[in-house]
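Enquirer: This is what each chain is made of:
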Amino acid sequence: SQKIEQNSEALNIQEGKTATLTCNYTNYSPAYLQWYRQDPGRGPVFLLLIRENEKEKRKERLKVTFDTTLKQSLFHITASQPADSATYLCALALSSGSARQLTFGSGTQLTVLP
Amino acid sequence: GAGVSQSPSNKVTEKGKDVELRCDPISGHTALYWYRQSLGQGLEFLIYFQGNSAPDKSGLPSDRFSAERTGGSVSTLTIQRTQQEDSAVYLCASTLETFGQPQHFGDGTRLSIL
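So the protein sequences, as listed, match chains A and B.
Every letter in the first sequence is one number past the one before it in my numbering, and letter 111, counting from 1, is 132.
Every letter in the second sequence is one number past the one before it in my numbering, and letter 26, counting from 1, is 37.
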């Protein structure tokens with residue numbers, strides 16, 4: 022069956038370090054993958070999209086990699102700050118012809134300690 | 012407004028009652044999604060609307076759940092004869108229906124069934 026797994030439910034790191042979050046999937050052939058940030062009591066907010074033919078995407082302190090052989094995406098936050106503390110969700114889109122549906126992972130809760 | 016608006020933000024009701032949840036999408040967004048998020052879980056797809064096409068209802072968990080979208084804009088999710096397992100946050104998202112566009116989420120309705 023199809024499955025998306027995000028690494029450990031909670032990740033604590035020290036301010037200034039690089040946070041690395043993992044999204045693994047099985048039995049999917051995603052057309053693209055998105056990462057969202059969700060703060061308590063709020064809806065998810067889009068951060069980055071990476072397509073199946075892209076290896077890496079960057080936006081300011083954020084970097085996403087996508088390895089379709091390993092069936093894995095890594096999400097990095099460099100020079101992390103306490104304000105980066107949130108839950109991060111990965112989401113896969115299955116069809117290259119439509120953005121009809123995203124399938125979300127359960128998220129990784131990141132805490133950046135001052 | 013500029014973003015997706017959902018109402019009410021919180022709803023507490025007794026088991027067996029019907030509830031209606033409202034979503035106002037971003038103006039001009041043709042696609043609208045409803046998701047359900049239980050505590051500590053990822054987003055569970057419920058239903059998808061795209062323009063005048065028939066909605067994709069494949070995620071609705073039972074026939075107690077229904078949704079409509081009037082005039083291609085506002086959507087209402089209705090849950091009849093609510094059960095305790097319906098307690099969750101119900102999130103609405105809208106997007107431009109082109110490949111790879113991010114979904115824009117409201118902050119959800121937190122539904123509690125007593």
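Since the hints were derived computationally from the structure, they do not count as laboratory data.
The reader is advised that the hints may include incorrect statements.
[What the hints assert, rightly or not] To give an idea of the chain A side of the interface with chain B (calculated C-beta under 7 Å), a few residues:
{"hint": "1", "residue": "49"}
{"hint": "2", "residue": "61"}
{"hint": "3", "residue": "63"}
{"hint": "4", "residue": "65"}
{"hint": "5", "residue": "67"}
{"hint": "6", "residue": "70"}
{"hint": "7", "residue": "122"}
{"hint": "8", "residue": "125"}
{"hint": "9", "residue": "126"}
{"hint": "10", "residue": "127"}
Nothing here was measured: the structure is a model prediction, and the numbers come from that model.
The C-beta atom is built at its ideal place from N, Cα and C for all residues, glycine as well.
Enquirer: Does each hint hold? Answer for all of them.
Expert: Results of checking the hints against the structure:
no. : hint : verdict
1   : 49   : violated, 14 Å
2   : 61   : violated, 11 Å
3   : 63   : holds, 5 Å
4   : 65   : holds, 5 Å
5   : 67   : holds, 3 Å
6   : 70   : holds, 6 Å
7   : 122  : holds, 6 Å
8   : 125  : holds, 4 Å
9   : 126  : holds, 5 Å
10  : 127  : holds, 4 Å
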